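Enquirer: Below, each chain spelled out in residue letters.
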Amino acid sequence: MLELALKGGKKYYGWMTFLMVFVGIGFLLYLKQLDFGLGITGLSRDTSWGFYIANFTFLVGVAAGGVMVVLPYYLHDYKAFGKVTILGEFLAISSVLMCVTFILVDLGQPTRIFNVFLYPTPNSVLFWDTIVLNGYLILNIIIGWNVLEAERNGVHYQKWLKPLIYLSIPWAISIHTVTAYLYCGLPGRGFWMTAILAPRFLSSAFAAGPALLILCCLIIRRVSNFDPGREQIQSLAKIVAYAICVNVFFFLCEVFVAFYSQIPEHMDHIKYLFVGLHGHTAYVPWMWASFILMIIGIILTVIPTSRKNEGVLAVACVVIFLGTWIDKGLGMIAGGFTPSPLHEVNEYIPSLPEIGIALGVWAMGFFVLTALFKIAVSVKEETRS
Amino acid sequence: MDSSRRRILRLFGISALALTTRPVLNAFAKEEQTTGAEVVIKEGAKSLKARQWAMVIDTRKFESEADLEPLIEACHKIHNVPALQNKNHEIKWLWGTHYHNAFPGKAARFLAEKVEHRPFLVLCNHCENPPCVRACPTKATWKREADGIVFMDFHRCIGCRFCMAACPFGARSFNYRDPRPFIKETNNKFPTRMKGVVEKCNFCAERLAVGQLPACVEVSNGALAFGDLYDPASEVRELIRTHYTIRRKQILGTEPSVYYIV
Ligand code: SF4
Ligand code: SF4
Ligand code: SF4
Chain A
1 MLELALKGGK KYYGWMTFLM VFVGIGFLLY LKQLDFGLGI TGLSRDTSWG
51 FYIANFTFLV GVAAGGVMVV LPYYLHDYKA FGKVTILGEF LAISSVLMCV
101 TFILVDLGQP TRIFNVFLYP TPNSVLFWDT IVLNGYLILN IIIGWNVLEA
151 ERNGVHYQKW LKPLIYLSIP WAISIHTVTA YLYCGLPGRG FWMTAILAPR
201 FLSSAFAAGP ALLILCCLII RRVSNFDPGR EQIQSLAKIV AYAICVNVFF
251 FLCEVFVAFY SQIPEHMDHI KYLFVGLHGH TAYVPWMWAS FILMIIGIIL
301 TVIPTSRKNE GVLAVACVVI FLGTWIDKGL GMIAGGFTPS PLHEVNEYIP
351 SLPEIGIALG VWAMGFFVLT ALFKIAVSVK EETRS
Chain B
1 MDSSRRRILR LFGISALALT TRPVLNAFAK EEQTTGAEVV IKEGAKSLKA
51 RQWAMVIDTR KFESEADLEP LIEACHKIHN VPALQNKNHE IKWLWGTHYH
101 NAFPGKAARF LAEKVEHRPF LVLCNHCENP PCVRACPTKA TWKREADGIV
151 FMDFHRCIGC RFCMAACPFG ARSFNYRDPR PFIKETNNKF PTRMKGVVEK
201 CNFCAERLAV GQLPACVEVS NGALAFGDLY DPASEVRELI RTHYTIRRKQ
251 ILGTEPSVYY IV
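Those protein sequences? They're chains A and B, same order as listed. Heads up, the first sequence is in the numbering used here, so the first residue is 1 and it goes up one at a time. Heads up, the second sequence is in the numbering used here, so the first residue is 1 and it goes up one at a time.
It should be emphasised that the hints constitute simulated quantities derived from the structure, not laboratory data. The structure displayed is predicted, hence computed values, not measured ones. A hint or two may mislead.
A partial selection of chain A residues facing chain B, derived with a Cβ cut-off under 8 Å [as the list claims (entries may be wrong)]:
1. 44
2. 108
3. 113
4. 115
5. 121
6. 127
7. 184
8. 187
9. 190
10. 194
11. 198
12. 265
13. 266
14. 281
15. 344
16. 347
Built from N, CA and C at the ideal position, the CB exists for glycine as well.
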């Protein structure tokens, strides 16, 4: 089926070239990082994780979000999603690829990555994260590919796939749970030390992932002869609406606990992000933008008339995707490290090369995503005609 | 050859047994620890031994940053700690800070003037229950069973910095760039580090192995004491018995082995 990714029109090739340019720039910058060290980023002794790890965290969510089309179809026999499960699985594959790449570019000694397997350490959450992420990647490749191939050949997919499909559902939950455990089990990091971190991650995942899927569906309908379907898009939109509401609710729960208890260790990080701390305010406009975007997203997706208007829905999805990205991709990590364990404020601002490398990874992911979607859509077009 | 075969065996063993019993895992962990320690430090006949090394810092003996300088200098010099200008890239094993930074949450609104202006030495606490060790995915940092030192293997560290996020004391530094050009005088008896790995105070394990006390203790004119926490007759235990001491962020349960007399 791979050959289907090679046959495309001018626009397709134009888009892929556009992405490759960013991949190339990112790669060159990464070579510079390999040569100099992570010092070309804005990271410091106090904020030792930043943009890479934040994007990784966000994308684990997008990957897990793919399960929101798989689960209703296979567990609730919601037939309509049968058409789009493949899109969810392929979205998961490309997101996990980005995640793994972000981890790799974040390592100080990337050539030693295999030490994680040579010296397996079950007490380290990172060890488990590596396992669940790679497992999820493999599961989705096997499932997505075989189901699509079966569809192309006009037969039912092989029986042995069924247990794997069922397994992939809790597995999707596990990747984001384990990713949250990276943070929420660390003593002395008040911002992350909350049992609601994993649920919070999941809720934002189930908003961001399906929002991206809706956007993809709308684009696919425009550029191809395959229509993912209005009902499918509307069902996804309801999922997004619920998830974004829950996400904001969870966040407000955190705010209540921190500010009603008035425990400085928990309040200070939220203060730093939303009003600034000791005169450091770099994140304040971003965090408010994120909050407002998510509220706009709630309004647009909850009100039936605006949700049912696909143009408005597209705007809502963009808004929600951006809002959750700022929340997790900017604030979540930097906010957890500031103030530092010694209660110093040493602001972290991502550097330009760092942003360039991150853009390169995103471009790589969208390159793979486009190719995979191209294959899926071509198969759908074939079988339809 | 031998060691690579053992690695592969271990990999197979763990994947088969990963979810079974704890003793199995402990056995693997133990083997790991002894091999790691042997590689880095050979114990001599004169080596000092303890169940858990500990330090007592008599902060009353330090009045200004200048009083800390010789200690920091001694540590950083023998351990090839680079002097980097960019604050983001800074590496420190031992440094001075204010009371409210060393003990956030413990500082009263009004403090004794002396305490408020006194510098406090901070370093890795060689915690008895170290979260950094729990977090490391490669066992590049581990707690030595023999003497409780939380040790680093610079050659195994993948630079993921999970240990830095896990340490609630900011004790760890990362080599954001090649540190070698920034070492004033290289001490050939101690390894220099490459870019991309984490480092921190090692309680001068290399000196203990040849019967010497840690460098900072040696030049402290008695302000720092060092000894076995589990030996009731040790100097540190004597000081702890006769003075009121505090430890950093005791509430987190990491059980720091550095005690402060305030
Ligand atoms: S002070 Fe930090 S680095 Fe040192 S043992 Fe404790 S947790 Fe680990
Ligand atoms: S940076 Fe090195 S020592 Fe720290 S957790 Fe990662 S591998 Fe372990
Ligand atoms: S014990 Fe040794 S390594 Fe640790 S701060 Fe003192 S001199 Fe430095």
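Enquirer: None of the hints should be skipped; say for each whether it holds.
Expert: Taking the hints in turn, this is what the structure says about them:
1. For residue 44 (chain A), the interface hint holds, since its Cβ comes within 8 Å of a Cβ in chain B; the closest pair sits about 4 Å apart.
2. Given the 8 Å rule on beta carbons, the hint for residue 108 (chain A) holds: about 2 Å separates it from the nearest Cβ of chain B.
3. With a least beta-carbon distance of about 6 Å to chain B, the hint placing residue 113 (chain A) at the interface is held under the 8 Å criterion.
4. Taking 8 Å as the C-beta cut-off, the interface hint given for residue 115 (chain A) holds, the closest approach to chain B being about 4 Å.
5. Contact between residue 121 (chain A) and chain B, as hinted, is supported at the beta carbon level, the nearest pair being about 5 Å apart and thus within 8 Å.
6. With a least beta-carbon distance of about 5 Å to chain B, the hint placing residue 127 (chain A) at the interface is held under the 8 Å criterion.
7. Against a cut-off of 8 Å between C-beta atoms, the interface hint on residue 184 (chain A) is violated, since the closest Cβ of chain B lies about 11 Å away.
8. At its closest, the beta carbon of residue 187 (chain A) sits 4 Å from a beta carbon of chain B; the interface hint therefore holds under the 8 Å criterion.
9. The closest approach between the C-beta of residue 190 (chain A) and any C-beta of chain B is roughly 10 Å, which is over the 8 Å cut-off, so the hint fails.
10. Contact between residue 194 (chain A) and chain B, as hinted, is not supported at the beta carbon level, the nearest pair being about 15 Å apart and thus beyond 8 Å.
11. A distance limit of 8 Å between C-beta atoms decides the matter here; for residue 198 (chain A) the minimum to chain B is near 17 Å, and the interface restraint is violated.
12. About 7 Å separates the beta-carbon of residue 265 (chain A) from the nearest beta-carbon of chain B, less than 8 Å, and the hint is met.
13. Interface hint status for residue 266 (chain A): violated, as the beta-carbon distance to the closest one in chain B is roughly 12 Å, over 8 Å.
14. Below 8 Å, beta-carbon pairs count as interface contacts, and residue 281 (chain A) has none with chain B, the closest being about 19 Å; its hint is therefore violated.
15. Annotation: residue 344 (chain A) was flagged as interfacial toward chain B, and the flag holds, the nearest CB pair being 6 Å apart, inside 8 Å.
16. Taken as an interface hint, residue 347 (chain A) does not check out: its beta carbon lies about 10 Å from the nearest beta carbon of chain B, beyond 8 Å.
Of the numbered hints stated above, those contradicted by the structure are hints 7, 9, 10, 11, 13, 14, 16, listed in ascending order.
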